[in-house]
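Asker: Residue strings, one per chain:
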Amino acid sequence: MKLTGAQALIKSLEQEKVEVMFGLPGGCILPVYDPLIDSSIRHILVRHEQGAGHMAEGYAHATGRPGVAMVTSGPAATNIVTPLADAYMDSIPIVVITGQVPTTAIGSDAFQECDTVGITMPVTKHNWLVTDAQDIPQIVREAFHVATTGRPGPVLIDFPKDVANQAMDWYWPDAVDLPGYKPNTKGHPKQIKEAARLINEARRPVIYAGGGILKARAAGALRELAEATGIHVVTTLMARGAFPDDHPLAMGMPGMHGNYTAITAMQQSDLLIALGSRFDDRVTGKVGAFAPDAKIIHVDIDPAELGKVRRPDVPIVGDCRQVIEELIKAVRSAQEKNERPDLSDWDRTITGWQHDFPLRYEQPEGGTLKPQYVIESLRDHTPDDTIVASGVGQHQMWTSQFWKFNHPYTWVNSGGLGTMGFAVPAAIGAKVGMPERMVWAVDGDGCFQMTAQELVTASSERIPVKIAILNNAYLGMVRQWQELFYEERYSEVYLSPDLPDYVKWAEAMGCVGFRVDNPEDVVATIEKANEIDDRPVVIDFRTDYREKVYPMVAAGSSNDDVILGPEFNEQDVVQ
Amino acid sequence: MNSTGQHHIFSVLVENKFGVLSRVAGLFSRRGFNIYSLAVSPTEDERFSRMTIVVDAADSPLEQVTKQLNKLIQVIKIAEIGPGEGVERELALVTVKAEPESRAQVTELAAIFDAKIIDVGFDAMTIQTTGTPEQLDAFTDLLRPYGILEFQRTGRVAMAKLVRQAPKLRSVKGKSA
Chain A
0 MKLTGAQALI
10 KSLEQEKVEV
20 MFGLPGGCIL
30 PVYDPLIDSS
40 IRHILVRHEQ
50 GAGHMAEGYA
60 HATGRPGVAM
70 VTSGPAATNI
80 VTPLADAYMD
90 SIPIVVITGQ
100 VPTTAIGSDA
110 FQECDTVGIT
120 MPVTKHNWLV
130 TDAQDIPQIV
140 REAFHVATTG
150 RPGPVLIDFP
160 KDVANQAMDW
170 YWPDAVDLPG
180 YKPNTKGHPK
190 QIKEAARLIN
200 EARRPVIYAG
210 GGILKARAAG
220 ALRELAEATG
230 IHVVTTLMAR
240 GAFPDDHPLA
250 MGMPGMHGNY
260 TAITAMQQSD
270 LLIALGSRFD
280 DRVTGKVGAF
290 APDAKIIHVD
300 IDPAELGKVR
310 RPDVPIVGDC
320 RQVIEELIKA
330 VRSAQEKNER
340 PDLSDWDRTI
350 TGWQHDFPLR
360 YEQPEGGTLK
370 PQYVIESLRD
380 HTPDDTIVAS
390 GVGQHQMWTS
400 QFWKFNHPYT
410 WVNSGGLGTM
420 GFAVPAAIGA
430 KVGMPERMVW
440 AVDGDGCFQM
450 TAQELVTASS
460 ERIPVKIAIL
470 NNAYLGMVRQ
480 WQELFYEERY
490 SEVYLSPDLP
500 DYVKWAEAMG
510 CVGFRVDNPE
520 DVVATIEKAN
530 EIDDRPVVID
540 FRTDYREKVY
550 PMVAAGSSND
560 DVILGPEFNE
570 QDVVQ
Chain X
0 MNSTGQHHIF
10 SVLVENKFGV
20 LSRVAGLFSR
30 RGFNIYSLAV
40 SPTEDERFSR
50 MTIVVDAADS
60 PLEQVTKQLN
70 KLIQVIKIAE
80 IGPGEGVERE
90 LALVTVKAEP
100 ESRAQVTELA
110 AIFDAKIIDV
120 GFDAMTIQTT
130 GTPEQLDAFT
140 DLLRPYGILE
150 FQRTGRVAMA
160 KLVRQAPKLR
170 SVKGKSA
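If you read the sequences in order, they're chains A and X. Numbering of the first sequence is given in numbering that gives the first Met the number 0, commencing with residue 0 and proceeding in unit increments. Numbering of the second sequence is given in numbering that gives the first Met the number 0, commencing with residue 0 and proceeding in unit increments.
Any given hint could turn out to be false.
Said to hold, decoys possible - Calculated from the model, a selection of chain A residues having no Cβ within reach of chain X, i.e. all distances over 12 Å:
| no. | residue |
| --- | --- |
| 1 | D344 |
| 2 | T381 |
| 3 | P407 |
Unchecked claim - Computed list of lysine-lysine pairs in DSBU-like fashion (alpha-carbon distance at most 30 Å, straight line):
| no. | chain 1 | residue 1 | chain 2 | residue 2 |
| --- | --- | --- | --- | --- |
| 4 | A | K1 | X | K16 |
| 5 | A | K10 | X | K16 |
| 6 | X | K76 | A | K189 |
| 7 | A | K16 | X | K96 |
| 8 | A | K307 | X | K76 |
| 9 | X | K70 | A | K307 |
| 10 | X | K70 | A | K192 |
Derived from the structure by calculation, the hints contain no laboratory data. Every residue, glycine too, gets a C-beta built ideally from N, C-alpha and C.
Given these sequences and hints, build the entire structure.
Answerer: Written out as structure tokens, the structure is:
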């Protein structure tokens with residue numbers, strides 16, 4: 000069967016069971032948009048290419064399937080570099096297709112030309128420049144394989160216009176041919192046995208669960224491991240939802256804005272069982288002072304993560320789910336031989352911290368609206384399996400802290416790259432992937448202004464996402480740092496609560512807009528928003544700009560120095 | 000990055016495709032490492048090329064680079080050849096002044112180093128020499144006083160040394176091994 004390159008590309012995407020793609024056409028990608036009309040693939044027309052990339056990420060976060068975005072060459076390609084970098088940092092499987100000028104014009108400074116493959120090389124797991132239409136099925140197959148296996152990540156296919164118009168003989172390859180790519184998924188049995196031995200000897204163990212748990216679909220295995228060993232679990236920002244927050248062994252989020260118990264339990268532990276986590280600086284604080292007495296078991300599918308920050312005592316390269324399942328068997332057989340270690344002292348210590356140092360804030364009746372109160376109200380008045388997306392900054396930290404994540408794949412956020420403006424498009428992508436679920440984005444006013452135009456996309460495509468803007472009229476996290484570390488010298492952080500008018504803006508974009516400026520109206524407005532299911536809703540919550548995120552470990556400080564915040568008296572703080 | 004004076008030699012087997020060199024070089028350059036020398040050519044199997052990369056860097060950041068190199072889809076295999084663990088060779092072409100009065104001395108020097116004169120001009124000649132990087136250094140040092148006009152080295156190629164130990168023989172009873 001003869002096909003054009005463009006037809007072959009669309010047919011290859013169908014072969015990969017792509018149901019939806021996010022994109023925006025333009026000159027060089029035009030030939031591919033023609034066969035798209037006859038395809039079963041739903042295309043969602045975005046308003047900016049960055050939006051297409053983040054939607055693909057949100058879709059992948061929520062469904063576990065690769066997100067697909069397609070844009071044209073030059074400025075469209077550079078606009079999607081941010082989502083690629085974001086997906087690279089957070090190991091999100093997305094496949095991005097960019098148009099390119101004809102092969103004969105490459106390198107000639109043609110209109111809308113840029114070196115897309117060169118530019119995206121450091122922010123993709125791999126990328127391809129197609130030079131022959133005959134290679135298309137093979138390349139598409141390889142691209143999806145690379146994006147979704149091993150440590151997942153973004154890939155890019157750069158597609159010149161003449162290749163799109165070239166004829167090819169259709170085929171579908173039965174296998175990929177990548178001699179240099181063979182991810183190791185099965186952990187070394189000897190190392191697993193050694194890990195089980197350490198687990199059965201530890202007196203103050205902590206499971207340090209990272210985003211790899213979710214990528215490996217290992218939430219069930221993690222829960223079984225925790226319950227089999229009785230070991231408490233911290234879930235990093237990327238792993239929120241990987242272990243239910245309402246579980247008695249859950250300690251919540253560690254790190255710079257983690258809770259006191261999670262931070263301190265890691266700090267004082269004698270064994271850290273790192274599962275799909277990468278010892279990020281936001282988790283460890285000052286690396287030299289991090290968990291000084293802990294032995295480390297580190298499980299990761301990416302060998303480059305083992306020893307990158309902290310040298311593990313037991314490194315295990317493998318898929319988290321497979322390794323945890325083997326580890327459970329090894330632990331059980333070790334438990335048969337020896338008595339299960341007595342962790343009751345450690346459990347009491349943890350419970351004590353949880354009791355003494357909970358997350359705190361105060362919402363005075365009739366007073367200014369506190370952002371944490373908005374999040375708690377949202378949490379308590381939405382279904383248990385609601386998907387929550389967030390941008391980056393204070394609102395992100397409060398959401399991670401105060402939401403109760405009891406199900407995996409309910410938290411969609413930009414962890415590694417910290418991309419402001421992530422929430423709106425990511426929420427749209429998540430809702431497209433999970434149309435039956437309620438999807439809320441908690442966004443900051445600064446973030447919202449970066450990508451809000453995608454709500455036009457959501458309105459026209461009837462994607463009813465709901466956006467809660469915590470509008471404190473500031474770039475809040477930057478303001479917090481200037482207040483704490485720059486002697487309250489506020490430099491370029493004020494945004495104004497009224498400019499833009501978020502309600503009018505929402506309405507102009509085809510959404511329903513609400514404004515809430517006092518605690519009394521919070522719940523009623525959330526409930527009104529929940530009832531709207533035919534268009535997006537935006538709520539402008541006017542929150543207290545003075546509110547800061549606590550606890551906090553200052554950048555570069557040791558995790559021993561947790562700043563608890565104004566709600567705690569000094570005598571409460573134990574050293 | 001300042002020179003650490005530590006040369007590390009990597010022998011990297013890669014797919015013989017466009018863009019591979021750029022991917023490999025990018026991993027070094029983004030960390031501020033200078034590639035001291037580089038030699039690339041196809042192997043006995045045309046699908047693959049071998050790169051011999053000499054890098055000037057300290058051990059610990061380099062470990063991360065090799066792990067990242069391994070992650071590149073088009074990198075098949077990496078071997079670091081430690082000091083004394085490999086055989087290294089390099090080729091140099093040197094054009095040196097050789098006026099009638101000094102020509103004999105230059106020719107003699109070339110003979111000592113087993114170098115070959117491959118081009119002769121009116122008052123200069125081009126000499127080809129192969130050897131270890133140290134031998135090449137010594138040769139050029141000795142030529143310098145005559146006046147080096149042009150000079151080019153290929154960068155080294157290296158291979159791991161072969162195993163010399165014979166397979167262990169079983170000890171005969173009654174005799175100590």
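Asker: Does each hint fit the structure? Answer for all of them.
Answerer: Results for each hint:
| no. | hint | in the structure |
| --- | --- | --- |
| 1 | D344 | 37 Å, holds |
| 2 | T381 | 40 Å, holds |
| 3 | P407 | 26 Å, holds |
| 4 | A:K1 to X:K16 | 27 Å, holds |
| 5 | A:K10 to X:K16 | 26 Å, holds |
| 6 | X:K76 to A:K189 | 25 Å, holds |
| 7 | A:K16 to X:K96 | 69 Å, violated |
| 8 | A:K307 to X:K76 | 20 Å, holds |
| 9 | X:K70 to A:K307 | 14 Å, holds |
| 10 | X:K70 to A:K192 | 27 Å, holds |
Violated hint for the displayed structure: number 7, the only one.
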